[in-house]
Amino acid sequence: KAGVTQTPRYLIKTRGQQVTLSCSPISGHRSVSWYQQTPGQGLQFLFEYFSETQRNKGNFPGRFSGRQFSNSRSEMNVSTLELGDSALYLCASSLESNGGWEFFGPGTRLTVL
Amino acid sequence: GESVGLHLPTLSVQEGDNSIINCAYSNSASDYFIWYKQESGKGPQFIIDIRSNMDKRQGQRVTVLLNKTVKHLSLQIAATQPGDSAVYFCAETPISGGYNKLIFGAGTRLAVHP
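Note that the protein sequences, when read in sequence, are chains A and S. If you use our numbering, the first sequence corresponds to residues 56 to 168, in order. If you use our numbering, the second sequence corresponds to residues 20 to 133, in order.
Take the hints with a grain of salt, since some may be wrong.
[As the list claims (entries may be wrong)] Derived lysine-lysine pairs resembling BS3-like cross-links, with alpha carbons at most 27 angstroms apart:
#1 K56/S with K112/A
#2 K90/S with K75/S
#3 K75/S with K87/S
#4 K68/A with K112/A
#5 K112/A with K75/S
#6 K56/S with K90/S
#7 K87/S with K56/S
#8 K112/A with K61/S
#9 K68/A with K61/S
#10 K87/S with K61/S
[Said to hold, decoys possible] With the Cβ distance kept under 8 angstroms, some of the chain S side facing chain A (calculated, not the full set):
#11 Y44
#12 P63
#13 G117
#14 K120
#15 G126
#16 R128
Calculated directly from the structure, the hints in this document are not laboratory data. All of these numbers come straight from a predicted model, not from anything done at the bench. Positions of the beta carbon are idealized from the N, C-alpha and C atoms, including for glycine.
Next comes chain A alone, as it looks inside the complex:
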């Protein structure tokens, strides 16, 4: 099976712009989670989707949003980008509906200038 894929791998934006990141989970996985990784804060949970429904959201401002499609592919969007949004954004998928281990993609490296 192909692993979790994320596009694009690298992205450079300027402050105030918005960005959309895409994630394709492992075939058959219906749960998709997003994490932000920074040197200062480490790996932090953004949100999780299951069958097109957001089931849980981390402690991030409303500028961070996401959605999941009927084929389980997911997108996350960040509006009005700030310098502090520069990070590695990781997508993970899980076969389990809850409490399962998650398979991670390679991430999208976002740089905000």
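Given chain A, work out where chain S should sit, using these hints.
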């Protein structure tokens, strides 16, 4: 490659030695724990997991120990190899939460020297 953490604690070991990486978890309700390995430029990779009804689990060259009394996890790597050099994260999650969400530790960088 991308840096996953510029100020992580580092464990330096000689090739062939055993490594022990420690982690303190925060949530008493967590009942499932996972160790991930992250190499430069890659996403975290599953190594081994353990449920709260166990205190030890062994894999190939790796062992995870869980001490629920003091909320402590450790990862033991036997005969450490240069390919084990990476950042290691522990993660916790409640199985009964009705969703998937991992809470990660800060990570430890393992440097293996020949």
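Subject >> Earlier hints that do not hold, by number >> reply: Numbers 5, 10, 11, 16, in rising order.
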